[in-house]
Amino acid sequence: MALGRRVSTARRSRAIHWAGEISRPWIQRSPKGEKWAIRRKLIKPSFDVIHIANLDNRSLGRHVERLMDLIPRDTSTVDLMPLFRRLNLKTGIGSEDNHFRIIDEMAKATQDRLTLRFQMHNLFTPAHDGAAITLSNAFFHLSRNPGAWAKLRAEILPTKRSSITYDLLKTYGYLKNVIHETHRVTPLSTLISRQCIKEVVLPSGGGKNGKAPLYVQQGDVVEMNFRCTLRDKEFWGKDADEFRPERWDNLMPTWEYTPFGGGPRICPGFRLVSAKTAYKMVTILREFERLESRDDRPWTEDTRATFQNLNGCKVALFPAQTV
Numbered sequence: 020m021a022l023g024r025r026v027s028t029a030r031r032s033r034a035i036h037w038a039g040e041i042s043r044p045w046i047q048r049s050p051k052g053e054k055w056a057i058r059r060k061l062i063k064p065s066f067d068v069i070h071i072a073n074l075d076n077r078s079l080g081r082h083v084e085r086l087m088d089l090i091p092r093d094t095s096t097v098d099l100m101p102l103f104r105r106l107n108l109k110t111g112i113g114s115e116d117n118h119f120r121i122i123d124e125m126a127k128a129t130q131d132r133l134t135l136r137f138q139m140h141n142l143f144t145p146a147h148d149g150a151a152i153t154l155s156n157a158f159f160h161l162s163r164n165p166g167a168w169a170k171l172r173a174e175i176l177p178t179k180r181s182s183i184t185y186d187l188l189k190t191y192g193y194l195k196n197v198i199h200e201t202h203r204v205t206p207l208s209t210l211i212s213r214q215c216i217k218e219v220v221l222p223s224g225g226g227k228n229g230k231a232p233l234y235v236q237q238g239d240v241v242e243m244n245f246r247c248t249l250r251d252k253e254f255w256g257k258d259a260d261e262f263r264p265e266r267w268d269n270l271m272p273t274w275e276y277t278p279f280g281g282g283p284r285i286c287p288g289f290r291l292v293s294a295k296t297a298y299k300m301v302t303i304l305r306e307f308e309r310l311e312s313r314d315d316r317p318w319t320e321d322t323r324a325t326f327q328n329l330n331g332c333k334v335a336l337f338p339a340q341t342v
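Using the numbering used here, the first residue of the sequence shown is number 20, and each one after it goes up by one.
In short, the hints are calculated from the structure, not lab data. A couple of the hints might just be wrong.
Claimed, not checked - The calculated label-pair distances, taken between Cβ atoms and stated as ranges, are:
(1) R323 <-> D258: 25 to 33 Å
(2) L176 <-> S212: 41 to 49 Å
(3) V240 <-> L89: 40 to 48 Å
(4) F337 <-> H140: 34 to 42 Å
(5) V220 <-> D131: 35 to 43 Å
(6) L329 <-> V220: 40 to 48 Å
(7) S182 <-> Q236: 50 to 58 Å
(8) A169 <-> T319: 21 to 29 Å
(9) G256 <-> R316: 21 to 29 Å
(10) A173 <-> T94: 30 to 38 Å
(11) I90 <-> P222: 48 to 56 Å
(12) A173 <-> P222: 40 to 48 Å
(13) H140 <-> E253: 34 to 42 Å
Note that the coordinates shown come from a computational prediction; the quantities given were computed from them, not determined experimentally. Beta carbons are placed, not taken as given, at the ideal position from N, Cα and C, and that holds for glycine.
Please build the complete structure, drawing on both the sequences and the hints.
As C-alpha cells, then:
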C-alpha cells in the first residue's frame with residue numbers, strides 16, 4: 020500500500036485520544052495483526068506479574084547491593100546514569116540462578132533462530148535502557164526538588180526494615196506519583212506512527228484548535244506526539260511543564276498519559292520497568308537522607324534508543340545519620 024499524507028498530532032493534541040486508541044478497527048485489523056499476536060505471545064510470559072513479583076529470584080537485590088557500594092559516601096559528585104546502565108545490563112533480561120530465562124520460554128514456542136534473535140533484541144533495549152533512564156530522570160528531577168525527596172523518605176522509612184517485595188512497593192503512593200511524573204515530564208519515547216487502513220472521520224483533532232472533526236483517509240500515516248499530550252496544560256494544569264508529583268493525587272488520566280503507549284499494544288514491560296525502578300529507588304532512599312544536584316544545566320534531550328539527558332545525572336548523596 021502506498022503511503023498517503025502524514026497527519027501529525029503535534030499541534031492537535033486532542034487527536035491522540037482517538038489516533039492512539041489502536042484497538043479501533045480502522046487502525047488495528049490488518050494482515051500484520053496475526054504476526055504481531057504471535058510475537059506478542061513469545062515475549063508476554065517474561066512480563067507476567069508472577070515474575071515481576073518475584074524480585075528476589077531475579078537476583079535483583081544482590082546486584083543493587085553492588086550498586087550501593089559504588090555510590091560515594093563522602094558527598095562527592097557522581098554521575099548516576101552510567102551506574103544505572105551497568106546495573107540494568109546485569110539484571111535486564113534473565114536470571115542467573117536458572118529461575119527464569121526469557122530465551123528458554125520463547126524457545127518453547129518457536130525454534131526459528133532469526134525470530135528468537137529479533138525478539139531478544141526487542142527485549143534488550145527496553146529492559147536495559149528503560150529502567151536505567153527512568154531512574155536517571157527521576158533522580159535528576161528529585162535533586163532539584165528537595166521537598167519531594169523528603170516526602171519520599173517520610174513515606175518509605177516506616178518500613179525500612181521490611182523486605183522489598185512487589186506488594187510492599189505497591190503501598191508507596193507518593194513513590195508511584197514520582198515515577199508517573201518522571202515519565203510525564205521526561206518520557207522515554209515521544210512519537211509513534213500508524214498507517215490508516217480504512218478511511219475514518221475522527222470526532223476531534225481538526226481545525227485550528229484541534230476540536231473539529233478530522234478526516235483521515237486510507238494510507239494516511241497518523242503521527243502521535245506523546246510529549247504534546249503529556250504537557251497539555253488544558254488537562255495537566257498551567258504548571259504542566261514543571262515536575263510536581265502531587266498533581267497525581269487528583270488526576271485520573273486515560274489517553275492523556277501514554278508514555279508506554281496504550282490499548283492492546285501497550286508496552287508489555289511497563290510494569291517491569293516500574294517495579295525495578297521503584298525497588299532501586301527505595302533501596303537508595305533508605306540509605307541517603309539528602310540528594311543534591313551538581314549540574315546547573317537543564318535537562319537536554321539526547322535521542323538514542325530512548326530519549327535521555329545529554330548531560331547524565333550528576334548529583335551528590337548524603338548518607339543518613341545512624342543513631
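Problem - Hint numbers contradicted by this structure - result: Violated hint: only 10; rest satisfied.
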